[in-house]
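Participant: Here is what each chain is made of, one letter per residue.
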Amino acid sequence: MGTIIMATLGKKSATVITNNTWLVATVEKITIESPMVKSYFFRMPQPVNHLAGQHYELRLTAENGYQAARLYSAAVASDGSTLLQLSIMDVVDGEVSPYIFKQLKVGDEVEIRGPFGKYFVWSPEETRPILLVGGGSGVVPMHSMLSSHQKSGTTTPMKLLYSARHYDDILFKDDFLSSDDVTITLTQEQSKEWTGNTGRINSEMLSKVLEGLTSPLCYICGMSPFVDAVSNGLIELGIPSENIKTERFG
Amino acid sequence: MAIVNKGFIGKGGDSYKRLPPGQSEVIQWPVLTYGPTPHVNLDEWTLTIDGAVNKPITLDWKAFNKLPFLELKTDIHCVTRWSKLDMLWEGVSLDELIGLAGGLTEDANHLLVETVEGYTTNVPVRDILNNQAMVATKTHGEPLSPEHGGPARLFIPHLYLWKSAKWVTRLTFSPVDKPGFWEVNGYNNYGDPWKEERYSDY
Numbered sequence: 079m080g081t082i083i084m085a086t087l088g089k090k091s092a093t094v095i096t097n098n099t100w101l102v103a104t105v106e107k108i109t110i111e112s113p114m115v116k117s118y119f120f121r122m123p124q125p126v127n128h129l130a131g132q133h134y135e136l137r138l139t140a141e142n143g144y145q146a147a148r149l150y151s152a153a154v155a156s157d158g159s160t161l162l163q164l165s166i167m168d169v170v171d172g173e174v175s176p177y178i179f180k181q182l183k184v185g186d187e188v189e190i191r192g193p194f195g196k197y198f199v200w201s202p203e204e205t206r207p208i209l210l211v212g213g214g215s216g217v218v219p220m221h222s223m224l225s226s227h228q229k230s231g232t233t234t235p236m237k238l239l240y241s242a243r244h245y246d247d248i249l250f251k252d253d254f255l256s257s258d259d260v261t262i263t264l265t266q267e268q269s270k271e272w273t274g275n276t277g278r279i280n281s282e283m284l285s286k287v288l289e290g291l292t293s294p295l296c297y298i299c300g301m302s303p304f305v306d307a308v309s310n311g312l313i314e315l316g317i318p319s320e321n322i323k324t325e326r327f328g
Numbered sequence: 528m529a530i531v532n533k534g535f536i537g538k539g540g541d542s543y544k545r546l547p548p549g550q551s552e553v554i555q556w557p558v559l560t561y562g563p564t565p566h567v568n569l570d571e572w573t574l575t576i577d578g579a580v581n582k583p584i585t586l587d588w589k590a591f592n593k594l595p596f597l598e599l600k601t602d603i604h605c606v607t608r609w610s611k612l613d614m615l616w617e618g619v620s621l622d623e624l625i626g627l628a629g630g631l632t633e634d635a636n637h638l639l640v641e642t643v644e645g646y647t648t649n650v651p652v653r654d655i656l657n658n659q660a661m662v663a664t665k666t667h668g669e670p671l672s673p674e675h676g677g678p679a680r681l682f683i684p685h686l687y688l689w690k691s692a693k694w695v696t697r698l699t700f701s702p703v704d705k706p707g708f709w710e711v712n713g714y715n716n717y718g719d720p721w722k723e724e725r726y727s728d729y
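Respectively, the protein sequence lines represent chains A and B.
Following the numbering used here, the numbering of the first sequence begins with 79 at its first residue and continues without gaps.
Following the numbering used here, the numbering of the second sequence begins with 528 at its first residue and continues without gaps.
Hints are not guaranteed to be accurate.
Here are the computed lysine to aspartate or glutamate pairs in the EDC-like style, where the Cα-Cα straight-line distance is at most 20 Å [as the list claims (entries may be wrong)]:
1. K116(A) x D171(A)
2. K533(B) x E187(A)
3. K196(A) x E723(B)
4. K196(A) x E724(B)
5. K533(B) x E173(A)
6. K229(A) x E204(A)
7. K323(A) x E644(B)
8. K196(A) x D728(B)
9. K665(B) x D570(B)
10. K665(B) x E598(B)
11. K183(A) x E173(A)
12. K533(B) x E141(A)
13. K533(B) x D186(A)
14. K538(B) x E189(A)
15. K533(B) x D168(A)
16. K533(B) x E189(A)
17. K323(A) x D306(A)
18. K665(B) x E617(B)
19. K196(A) x E644(B)
20. K538(B) x E173(A)
21. K323(A) x E674(B)
22. K611(B) x E173(A)
23. K323(A) x E641(B)
24. K538(B) x E141(A)
25. K538(B) x E552(B)
26. K611(B) x D171(A)
27. K589(B) x E669(B)
28. K611(B) x E674(B)
29. K107(A) x D168(A)
30. K593(B) x D570(B)
31. K538(B) x D168(A)
32. K538(B) x D171(A)
33. K533(B) x E106(A)
Negatives, chain A to chain B, calculated, CB over 12 Å [what the hints assert, rightly or not]:
34. S117
35. V184
36. S269
37. K270
38. K286
39. G290
If you're looking for bench data, these hints aren't it; they were derived computationally from the structure.
Every residue, glycine too, gets a C-beta built ideally from N, C-alpha and C.
Work out the full structure, taking the sequences as your base and the hints as a guide.
Facilitator: Below, the structure written as structure tokens:
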């Protein structure tokens, strides 16, 4: 499949850029979200435009020409600017993320293309109440959905149930800790200062967060065992499986 | 492209020369289904072969397992960029199933696939003949687990793995193509890993 389409405009030929065209992106800012996750803000050569939940491919090229690419969800709704935020987890034994995490610095260039995926997405035209359930870095596309939801001003409810290991692992703390629509459970936090939910997501937590959501559409993102545990929990609570969308990794 | 990421070596080594472009080898076998994992009761399992065939047929689990099994030692390639090498797959070849259904009619150009949870995919008929594809029930001698598509999934190793539909229950042959679930959700209609046919343009 050609990723670059040559079109003839008059006598000049112009390159039509699609979501399959690799673009050179420059790292403009790096912020630390947690010990394992950093947010990278890339300056793109053209305005960024994606649906909440869509992802991009980031490609690295070695000096010998070897290339490796990985998919990362956009972390916030697009706002017409040329800045793209990807929140990337340092995967132990990974191939691409360790380089990004340890070596990529402000001013460096990488290649990025996208957006991709039209299934695990939310847009304001969706009128059903929404339950998002995220585990670990699976919460990244949900942050994008919540920011898009907020920006749209829609009154349809959207709630997030988010499972992280420790307090320090919670991503997007500024947005999540102060939001009434976000419930967090910490599976391994020992500190007494944490007064929220602890332990893995269970039926009780799911029932509580489902209160007030009539016939919701549910999105689950995380490691595959997490996704299966949560979707089984939702199905036991009477959510039809066709109203459950999942995105898995690992 | 002129970009070089200084200090990036990657895990290529020599193995990547055997892999389709842009793929990395995995040892674990990832699970990337788009929805909940269905658990199929073997007593209720059926496989239907219909559409542009001479004698549409529905098999139950017992009848299916009496058929001759084909073994394929092959690599598998997922569009999310992992490949798993040297897997041993067992199942019934689609040639065998088509034979049971009285053979294809002349206008059978495309195979449209349905699964128990409503997933669909599509593939040209030329890609599933001559032992290129099977309905698989085992890998490395073990039954396929539900998360990998058990009890039975379609298996077409030369295309990206989303074409190898998990929990397959119906194979419909058709004169016309009909893009399936991922094919209408931003992915390529054909999915050749060697040509990197990953996503559709939009």
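Participant: Now look at each hint and say whether the structure bears it out.
Facilitator: Against the structure, the hints come out as follows:
{"no.": "1", "hint": "K116(A) x D171(A)", "verdict": "holds (17 Å)"}
{"no.": "2", "hint": "K533(B) x E187(A)", "verdict": "holds (10 Å)"}
{"no.": "3", "hint": "K196(A) x E723(B)", "verdict": "holds (19 Å)"}
{"no.": "4", "hint": "K196(A) x E724(B)", "verdict": "holds (17 Å)"}
{"no.": "5", "hint": "K533(B) x E173(A)", "verdict": "holds (15 Å)"}
{"no.": "6", "hint": "K229(A) x E204(A)", "verdict": "holds (14 Å)"}
{"no.": "7", "hint": "K323(A) x E644(B)", "verdict": "holds (12 Å)"}
{"no.": "8", "hint": "K196(A) x D728(B)", "verdict": "holds (12 Å)"}
{"no.": "9", "hint": "K665(B) x D570(B)", "verdict": "holds (18 Å)"}
{"no.": "10", "hint": "K665(B) x E598(B)", "verdict": "holds (9 Å)"}
{"no.": "11", "hint": "K183(A) x E173(A)", "verdict": "holds (17 Å)"}
{"no.": "12", "hint": "K533(B) x E141(A)", "verdict": "holds (7 Å)"}
{"no.": "13", "hint": "K533(B) x D186(A)", "verdict": "holds (10 Å)"}
{"no.": "14", "hint": "K538(B) x E189(A)", "verdict": "holds (18 Å)"}
{"no.": "15", "hint": "K533(B) x D168(A)", "verdict": "holds (19 Å)"}
{"no.": "16", "hint": "K533(B) x E189(A)", "verdict": "holds (13 Å)"}
{"no.": "17", "hint": "K323(A) x D306(A)", "verdict": "holds (11 Å)"}
{"no.": "18", "hint": "K665(B) x E617(B)", "verdict": "holds (5 Å)"}
{"no.": "19", "hint": "K196(A) x E644(B)", "verdict": "holds (19 Å)"}
{"no.": "20", "hint": "K538(B) x E173(A)", "verdict": "holds (6 Å)"}
{"no.": "21", "hint": "K323(A) x E674(B)", "verdict": "holds (15 Å)"}
{"no.": "22", "hint": "K611(B) x E173(A)", "verdict": "holds (15 Å)"}
{"no.": "23", "hint": "K323(A) x E641(B)", "verdict": "holds (18 Å)"}
{"no.": "24", "hint": "K538(B) x E141(A)", "verdict": "holds (13 Å)"}
{"no.": "25", "hint": "K538(B) x E552(B)", "verdict": "holds (9 Å)"}
{"no.": "26", "hint": "K611(B) x D171(A)", "verdict": "holds (16 Å)"}
{"no.": "27", "hint": "K589(B) x E669(B)", "verdict": "holds (17 Å)"}
{"no.": "28", "hint": "K611(B) x E674(B)", "verdict": "holds (16 Å)"}
{"no.": "29", "hint": "K107(A) x D168(A)", "verdict": "holds (17 Å)"}
{"no.": "30", "hint": "K593(B) x D570(B)", "verdict": "holds (15 Å)"}
{"no.": "31", "hint": "K538(B) x D168(A)", "verdict": "holds (16 Å)"}
{"no.": "32", "hint": "K538(B) x D171(A)", "verdict": "holds (10 Å)"}
{"no.": "33", "hint": "K533(B) x E106(A)", "verdict": "holds (18 Å)"}
{"no.": "34", "hint": "S117", "verdict": "holds (19 Å)"}
{"no.": "35", "hint": "V184", "verdict": "holds (15 Å)"}
{"no.": "36", "hint": "S269", "verdict": "holds (32 Å)"}
{"no.": "37", "hint": "K270", "verdict": "holds (36 Å)"}
{"no.": "38", "hint": "K286", "verdict": "holds (21 Å)"}
{"no.": "39", "hint": "G290", "verdict": "holds (23 Å)"}
The structure agrees with every numbered hint stated previously.
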